[in-house]
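Enquirer: So the protein lines, in turn, are chains H and S. Residue 4 in the UniProt record's numbering sits at position 4 of the first sequence, with consecutive numbering throughout. Residue 155 in the UniProt record's numbering sits at position 155 of the second sequence, with consecutive numbering throughout.
Worth double-checking, as some hints may not be accurate.
One copy or two, it doesn't matter: identical chains are merged, so the pair holds either way.
[Claimed, not checked] Once the Cα atoms are required to be at most 20 Å apart in a straight line, the calculated SDA-like pairs of lysine to any residue come out as:
1. Lys244 x Phe205
2. Lys244 x Leu223
3. Lys244 x Glu204
4. Lys244 x Leu232
5. Lys244 x Ile201
6. Lys244 x Ala194
7. Lys244 x Glu197
8. Lys244 x Asn233
Read the hints as simulated data drawn from the structure, not as lab findings. None of these values were measured; they are calculated from a predicted model.
2 protein chains.
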Amino acid sequence: MLERIRIVLIGTSHPGNIGGTARAMQNMGLGDLALVAPRCEPLTADTISRASGADTLVHRSRQVATLEEAVADCTLVVGASARSRTLPWPMIAPRELGSRLPLELADSAARVALVFGREDSGLTNAELQRCHAHVHIPTNPDFSSLNLAAAVQVLAYECRLAWLDHEQGGSATPPDDSQGQPLATHEELEHYFAHLERTLIAIEFHDPAMPRQLMARLRRLTLRSRPERMELNILRGILSATEKVAANRSAQGSPDAGDDAAS
Amino acid sequence: MLERIRIVLIGTSHPGNIGGTARAMQNMGLGDLALVAPRCEPLTADTISRASGADTLVHRSRQVATLEEAVADCTLVVGASARSRTLPWPMIAPRELGSRLPLELADSAARVALVFGREDSGLTNAELQRCHAHVHIPTNPDFSSLNLAAAVQVLAYECRLAWLDHEQGGSATPPDDSQGQPLATHEELEHYFAHLERTLIAIEFHDPAMPRQLMARLRRLTLRSRPERMELNILRGILSATEKVAANRSAQGSPDAGDDAAS
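Next up, chain H with everything else stripped away, as it sits in the complex (with noise of 0.2 Å):
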């Protein structure tokens, strides 16, 4: 199980944090960091101090340009906030996220991402929208910055709580939506979200221009629901459908044409 959660860091600007967060998770059993747009070099002195031995990580490590390539295959991808944003998501506790671990990742083909932002800047708002839940540490009100690595290692804990938990039959949370049918990954919802937005915009119901959160509410509505592939394939029909009757009416509608039949 625990070899299935991938550590994602988004833009560190500290080698020491890399460092520490290679040997947080290599203390708890984890072995599979990605890290996104790296504002500093991820290997040096600073890294090998802090990592005390789990720089190995850092080599093994995946680097990528985008969060979509470090997540693309993930089943669950859940963004450390340190508050609520403009637009509130899921929000889910350390404790919590560790119970739903065993049965998120029940399934073989299953993988968890744990992101986590900027040490000054956290994860921008486009990058929590791209999380179907966000994970919250509690912390002092009057000081609440963890550093980079204390985060990983107080998740990567919980983390492996949980597998303990599991290992020893203890408990996993009772099944809540799962229905044994696969989940669709980050990407296939990615696409899912593209083709909708293009849909969106067909029927004149979005405007780029003036986005009013629309899309941004729409993810979080859709990511709430932990779509299966199976439902995201309806879905994605019920866009072509639509595309399809609105690229009729362009190819053939005088531009006023059907007024009446506005409701």
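Using the hints, position chain S against chain H.
Expert: Just chain S, lined up with the frame of chain H:
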């Protein structure tokens, strides 16, 4: 409660770890730090850098020569220990430690000390034997040595969770995905499903004579996400826009117009 938990570091060698400890403590709402015979200058540039604003805790910390002095007034002394020693001691898990704290600290004169040893060699047997109990953070047996500040982070986190649990008279888990917005009622959902079905028929995606469980699948997906009223309004807006496009097409279409677009 948290103000009566003391973190005691014995023989620390790296100022950075003292800074990291201060930051971890303040993040979790702890403020009482004692340094026993540090093997380094506690306040250096490294301390301040790793403390990231929490160096006031180091300024305020008490520096003493022996463990005795550091914990004299404590009613419970718990030593962090990587492994059981020759003489097995009462061993508790970090979570169990947390769950004991509210009771241990119920009396306002009570004080708890969490004692951490040297980076290279931990606590001596003599020191461990001065503790009421030992706490062991579960780790990967092949790579078990946690960074000192990371170990403090994990235990401080458990202290905070226990305190939140206690304060809130229940769970420290934030409410799951309630975003404080009114959820759609059953009736609103049923209106939505009826609207959805009409629209899917209009775009010729759905044939009620050949239902293929389509509506059932869409219901299940939608209900799983527990839509808010406002989200449902967006979805209905999309349906209306789609219907408009479909009506335009049929208003204009010759009987076979767009046959080539039929699926």
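Enquirer: Next, verify each hint and record whether it holds.
Expert: Structure-based check of each hint:
1. Lys244 x Phe205: both (16 Å within a copy, 11 Å between copies)
2. Lys244 x Leu223: neither (26 Å within a copy, 28 Å between copies)
3. Lys244 x Glu204: Classified as both; 14 Å inside a copy, 10 Å across copies.
4. Lys244 x Leu232: Within. Shortest intra-copy distance 18 Å satisfies the 20 Å Cα cut-off; inter-copy 24 Å does not.
5. Lys244 x Ile201: Both, since 13 Å and 14 Å are each at most 20 Å.
6. Lys244 x Ala194: For lysine 244 and alanine 194, the Cα distance is within 20 Å only inside one copy (16 Å; across copies 22 Å).
7. Lys244 x Glu197: Both: 15 Å inside a copy, 18 Å across copies.
8. Lys244 x Asn233: For lysine 244 and asparagine 233, only the intra-copy Cα distance (16 Å) is at most 20 Å; the inter-copy one is 24 Å.
Checked against the numbered hints given earlier, the structure breaks only hint 2 and satisfies all the rest.
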